[in-house]
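Asker: Chain by chain, the residues run as shown.
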Amino acid sequence: MIRTCTAAAVIGIIMCALYTGPAFGLSEVYKDNIYTPGNLKPTDSTLTVAVGQRAPDFTLPSVHHGMVSLGQYLGKKNVMISFIPAAWTPVCSDQWPGYNIVQDLFDRYDAVLLGISVDNIPTLFAWTNQMGTLWFPVLSDFWPHGKTAAAYGVLRSNGTAERAIFIIDKKGVIRSIDIHDINVRPPLESIIKELEKLNR
Amino acid sequence: MKKNIVMAAGIIAALILFSSGYAVCASPPAAGDVFPALQLPVPSGTGDKSYLGIRGGNTFMIPDVKAKVVLIEVLSMYCPFCQREAPHVNEVFALIEKNPDLRNRIKVIGIGAGNSLYETQVYREKYGVPFPVIPDGDYMFHKVLGEVRTPYFIGINNDGGIPRVFFSKLGGFQNPAEFLDQIVRESGL
Numbered sequence: 001m002i003r004t005c006t007a008a009a010v011i012g013i014i015m016c017a018l019y020t021g022p023a024f025g026l027s028e029v030y031k032d033n034i035y036t037p038g039n040l041k042p043t044d045s046t047l048t049v050a051v052g053q054r055a056p057d058f059t060l061p062s063v064h065h066g067m068v069s070l071g072q073y074l075g076k077k078n079v080m081i082s083f084i085p086a087a088w089t090p091v092c093s094d095q096w097p098g099y100n101i102v103q104d105l106f107d108r109y110d111a112v113l114l115g116i117s118v119d120n121i122p123t124l125f126a127w128t129n130q131m132g133t134l135w136f137p138v139l140s141d142f143w144p145h146g147k148t149a150a151a152y153g154v155l156r157s158n159g160t161a162e163r164a165i166f167i168i169d170k171k172g173v174i175r176s177i178d179i180h181d182i183n184v185r186p187p188l189e190s191i192i193k194e195l196e197k198l199n200r
Numbered sequence: 201m202k203k204n205i206v207m208a209a210g211i212i213a214a215l216i217l218f219s220s221g222y223a224v225c226a227s228p229p230a231a232g233d234v235f236p237a238l239q240l241p242v243p244s245g246t247g248d249k250s251y252l253g254i255r256g257g258n259t260f261m262i263p264d265v266k267a268k269v270v271l272i273e274v275l276s277m278y279c280p281f282c283q284r285e286a287p288h289v290n291e292v293f294a295l296i297e298k299n300p301d302l303r304n305r306i307k308v309i310g311i312g313a314g315n316s317l318y319e320t321q322v323y324r325e326k327y328g329v330p331f332p333v334i335p336d337g338d339y340m341f342h343k344v345l346g347e348v349r350t351p352y353f354i355g356i357n358n359d360g361g362i363p364r365v366f367f368s369k370l371g372g373f374q375n376p377a378e379f380l381d382q383i384v385r386e387s388g389l
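If you read the sequences in order, they're chains A and B. By the count of the numbering used here, the first sequence reaches residue 200 at its end, each step adding exactly one. By the count of the numbering used here, the second sequence reaches residue 389 at its end, each step adding exactly one.
No wet-lab data here; the hints were simulated from the structure. Heads up, some of the hints might be wrong.
Stated by the list, open to error - Calculated Cβ distances over 10 Å to all of chain A for the following chain B residues:
| # | residue |
| --- | --- |
| 1 | Gln283 |
| 2 | Arg305 |
| 3 | Glu319 |
| 4 | Arg349 |
As the list claims (entries may be wrong) - If you want a taste of the chain B side facing chain A, the calculated C-beta under 10 Å gives, among others:
| # | residue |
| --- | --- |
| 5 | Ser276 |
| 6 | Val365 |
| 7 | Phe366 |
No residue lacks a Cβ here, since even glycine has one placed at the ideal position from N, Cα and C.
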């Protein structure tokens, strides 16, 4: 009987660990201000660009860096675009703060990061203020709503964007695309691996 | 008849324990709780293994750590609060290590919720974190610990018997010395 009970307790813990609901380790910095949308359809859009193609140019307002264009980095910097679905949601809120502590890695690969969200500037201002001082521009693709996300084929049917990473070289050519499961944060090492390839 | 009663009691007890094991999903460990029997991966660095007092194997449990008290910080490389708090936690570690009464009696372990090994290494390097940080890329340990927000601190009495939680707190602390005093006091060291 003791053996049965012990096994039952262990199985309970294993079942708990294997529970497959949405998982995120949300920072206490956001307190109770994060809206949890639950488990979403992993992807919900049709990509309109491909690796090897020229990246669609855009000019968008940013929270702290004025108007920012992709074209301004042509011939100067590699660019990583990080589309996130929406401000004040769980996975997004714990994504860019990680990139914020690895500017040296981006510098190593002569790359800049552009964060893009379909939220408006005031929302992005309030949200990213919780993250500390971000070294990279945060761009608003709010109006015309999701125009840039649509140009890349990552605008979802509900008006949010995919959790997507595009890596673009100095010639403006797309070198890597990761349309990630919206419920999961892309691991940093997969991004760094793609940045490494730019220098080969 | 007697056999049937024993069997029924066994099934009921098993169901209760199954539920209690599963219930840890819902809430963080509280003071007085038995710390869940997590099978943590043994860190690859010899310094980390030596610090924890673990020799071999692929996994270890809290009772395997050579210390009377284990302080766990559930953190994340992606957590701005953890990033800000990192120097304070490092200071707690330093205060422990330079106090001969506490050194080897309190060990600090980080659990990187949702962090891969690479991400825990980036975090450690960025903030000079001197204690082991265990990767938990698929949130397996995080779920068992009640999916706490980060940073979260759990103090565990680990004095030979069943590891028991004596401290469980969300968020940071302003004063490392006061925090350590609280840990020492509440652990009964």
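Asker: Hint by hint, say whether it matches the structure.
Answerer: Comparing the hints with the structure gives:
Distance check on B:Gln283: its Cβ comes as close as 6 Å (rounded) to a Cβ of chain A, failing to clear the 10 Å threshold; non-interface status is violated. For B:Arg305, the requirement that its beta carbon stay farther than 10 Å from each beta carbon of chain A is met, with the minimum near 28 Å. The Cβ of B:Glu319 does not lie farther than 10 Å from every Cβ of chain A; its closest approach is about 5 Å, which violates its non-interface assignment. The claim that B:Arg349 lies off the interface is violated: its Cβ sits roughly 4 Å from the closest Cβ of chain A, which falls inside the 10 Å cut-off.
For B:Ser276, the shortest C-beta to C-beta distance to chain A is roughly 5 Å, which falls under 10 Å, so the interface hint holds. For B:Val365, the interface hint is violated, since its Cβ never comes within 10 Å of a Cβ in chain A; the closest pair sits about 15 Å apart. Taken as an interface hint, B:Phe366 does not check out: its beta carbon lies about 20 Å from the nearest beta carbon of chain A, beyond 10 Å.
In summary, the numbered hints that this structure violates are 1, 3, 4, 6 and 7.
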